[in-house]
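Here the protein sequences line up with chains A and B, keeping their order. The opening position of the first sequence corresponds to residue 1 in the numbering used here, with each subsequent residue numbered one higher. The opening position of the second sequence corresponds to residue 1001 in the numbering used here, with each subsequent residue numbered one higher.
Hints are computed from structural coordinates only; laboratory data are not their basis. Careful: at least some of the hints might be erroneous.
Stated by the list, open to error - In silico DSS-like pairs for lysine-lysine, Cα to Cα no more than 27 Å straight-line:
| hint | chain 1 | residue 1 | chain 2 | residue 2 |
| --- | --- | --- | --- | --- |
| 1 | B | K1440 | B | K1456 |
| 2 | B | K1456 | B | K1795 |
| 3 | A | K154 | B | K1670 |
| 4 | B | K1411 | B | K1440 |
| 5 | B | K1319 | B | K1284 |
| 6 | A | K154 | B | K1030 |
What the hints assert, rightly or not - Label-pair restraints from in silico Cβ distances:
| hint | chain 1 | residue 1 | chain 2 | residue 2 | range |
| --- | --- | --- | --- | --- | --- |
| 7 | A | R23 | B | R1022 | 44 to 52 Å |
| 8 | A | T17 | B | N1017 | 34 to 42 Å |
| 9 | B | A1156 | A | A122 | 54 to 62 Å |
Virtual Cβ for every residue (Gly too), placed ideally from N, Cα, C.
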Amino acid sequence: MSNRITITAQVNGEKVTRDVEPRQSLVDFLREELELTGSHVGCEHGVCGACTVRLNGEIVRGCLTLAVQADGTEVETVEGLSESGEIADLQDAFLRLNAIQCGFCSPGMLITAAELLDRNPAPDRTQIREFIAGNYCRCTGYQTIVDAIETVAKERRDS
Amino acid sequence: MSDLKSNPVVTIHDRPNSYIGRSVPRPNAKRLLHGRGNFTDDVRLPRMLHSAFLRSPHAHAEIVSIDTSKAEAAPGVIAVVTGKDVAEICEPYVGVLTHLQGMRSPPQYPLAMDRARWQGEPVAAVAAETRAQAEDALELIGIEYSELPAVTDMEAALEADAPRIWDEYDSNLCWERLVDEGDVETALANSAYVAEAEFDFGRHTGVTLEPRSIIADYNSGEGRLTVHHSTQGPHMMQAIIAKAFQLEEHNVRIIAGDVGGAFGIKIHTYGDELACVALSMLLKRPVKFIADRLESFTADIHARDHIIRGRMGVDADGKITAIDYDDITGIGPFSMYPRSSGIEINQVLNLTAGWYDIENYRARGRVVFLNKAMMCQYRAVGHPIAMALGEGLAELAAAGIGMDPLEFRRKNLVPDDAYPCKSVTGMPFEKLSHHATLEKLAAMMDYDGVRAEQAKLRENGIHRGIGFSSMIEVTSPSAMFYGVGGAPISAQDGCTLRLDAKGNVFCAISVTEQGQGAEAIVGQIVATALGVSQDRVRVITGDTDNVPYGGGTWASRGTGIAGEAAVQAGHALRSQILEVAGKMLQAEPDTLDIRDNQVVDAANGAQRLDLAEIGRVAYYRADTLPPDFQAELSATRHFVPKAFPFAFTNGMHASYVEVDERTGIVTPLKHWVVEDCGTVINPMLVDEQVRGGVVQGIGGALYEECLYSDEGQLTNGNMADYLVPMAAEMPDIEVGHLESPMGESELGAKGAGEAGTGGAPAAIMNAVNDALRPLGGQITQHPMTPERVLRALGKL
């Protein structure tokens, strides 16, 4: 497994270059090579959504994307989106409404929610539930997550 | 030392600026929302290795030989160990509680020794520089197995000629308990109607989003072991690991950072985790093990798996005459250590129909060893079974005599003025509120309105159902739960508070946080008892070097037990602060109070001193205090319930579902819960415990099942085939509260963590049967999959 490949990507606005194994997943690359541990590994087969990150502006499963596929791309993780303030209103609503318990799903859930509101500024509750149906949360039962996303959508529309 | 009596304040409920009963956000949630948590897999230590496990592909097989030589030579591999290697430094353990009389289970080792007894049992372990290298090396381990017949059917397992999992035992029975109160046979014979059914509850498992995770770090220089562990019980794990590896407990430090969901999965002794510790002890460097999802399905504990044949008799007025049932449950090849695999059925026998006034009660419970994954306590232990059995029979009986299910309960629920009293099985109840709960629920859901809607839609061929579950829940257990049976599990908790030099408060407490908001609630309590704002309180949990000794977070015990320790520690530190303030102000301490972070005159609230001034003088300018006075600004208090074995709570669920008679799909439309968990500290967090629990209960009722082949192969051990509740299928859940406080504590809180999971499956099942009844169908098998619903309707 020594046939490493050099990749260069823009991760949270910083240019990074690393030699990676061809088999390494994007989420393992972010966590192990860059120590960006906000993206989580939940199932490693594309079902749970805990590893959701943005690749060139679109959400992807970090476990179903290879690190080598990130070569020449822009990658955004929860750390970058937090520091830029892009999802600050979502984070605030998740906190206020307790749309979080253990927090393991939260980074993926927030990035998915941000994508939904980019695509549809006025989703109803059913549309919210369907859009986040690829992100597993064992703790909350989802209701407050739906509440928080609905609240932010309204606040954004009102502002 | 200060004397509490010199500051006669009163109780936590009389404090100004109280946080009790307020829905304030959790201070520790923000960093998690920023991706700045500290889960075990986020921890990286110098020279850390990664471990991976080779697991038995067979449910039952002799291990003929193991060849590790190729794996040892693989790139990055530092060590390969087998069962015998680990057993040389790790003592075996036995999952038996002495108060469950007659239970038996053989000694267990971290890795299989001469025989593997479930598919997924760890057999060998590799430590390597990377996880990928460790996994690569697993493929190079050569093991020769000789397959043995697998015991996979719990009823067939008890037949005389069944293959045996343990040669030293005369059968595959682990434990049996009988209960027989009153005269069941006569009561049933004299009943106007007897409802009868077989209830089947499939196996399911926790599917915590963060898998089980551990880093063991043995420092041979000081002979100390530090374990970063995703666990609910740090002191329990300290005791277990110290005993297994013959270390003194103070030389074992357990650190539970952020825990990504637990639900009872992370409170047991897992062989792969002990083997990870063994690797660190052998290699004298940190070793990490993070279970992947596939091994989580085969090596995490499973839960439920009961077949119950039950009967309930009623007289012509709908009064319950008797209940009679036979419960058999299949566990793994061992009883799990240290909580045992017998507590779930013990709970079923103790709790079933315990909310009803019943005199005649007979039950048999049998626990059977199987060649399947290990089975143990998971959220709401035994409760979903006890509720679904009792409430399933109750609604079948009510329907059998044409009685409304709420009227049936009004007639049979233990009256609200009957307390204190005992259930027919001897469970003592301090104060419950079944009838008030029922009436509040009926009003909250607009029962008559929902019934009218159901009837109207039925005319259009839309089949909806309404189902209920009354319930009781074991919370805040005393030492009678585990300690009495010999397990190193503490029923008490401790809280240490100290004022810092700037007038802020450090709080170290022995419960753990896995998302419920334990730290937030403790912060609210401490802030209230002291008279400071919550942002002045820093709460620390999950580190055996730095928190008082205590049980951890399980069995809905955090708020009821640790919350009271926090109350008492808060009173004690408040007295200490006022003692110092009294010296500084030349005032009697009992004329002073603390409000809004200030020492004030108790009589008129006039501000006298900032708490930072107390800290400054006590720590930097003690020379200005009287020479015979030593300021103490640190207090520890503990609490353990003694008056009752359990702080029972009660509640009631209502479920409204729609059943598609063509596809068999059940859609939960709405769910209501009224919960009486005593004093509510943070209604938002209690609501969220209930909602999350309800959804977990819906998972077990409709979707989740570990499916095994006859050969003991788990056939759906991944998240694509094992279905968990996702957002799109879940209903909104409305929660209401009543408050019957615990009498023994000042706080009066009980627990609320498991009420949702305990009651939801019964309510869902009753709702499905309410929908199916006019179609002639009935279902009592969980999960109620579309296929099973269609079979119930005779369409398959």
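Legend entry - Those earlier numbered hints the structure runs against, lowest number first: Per hint list: 5, 8 violated.
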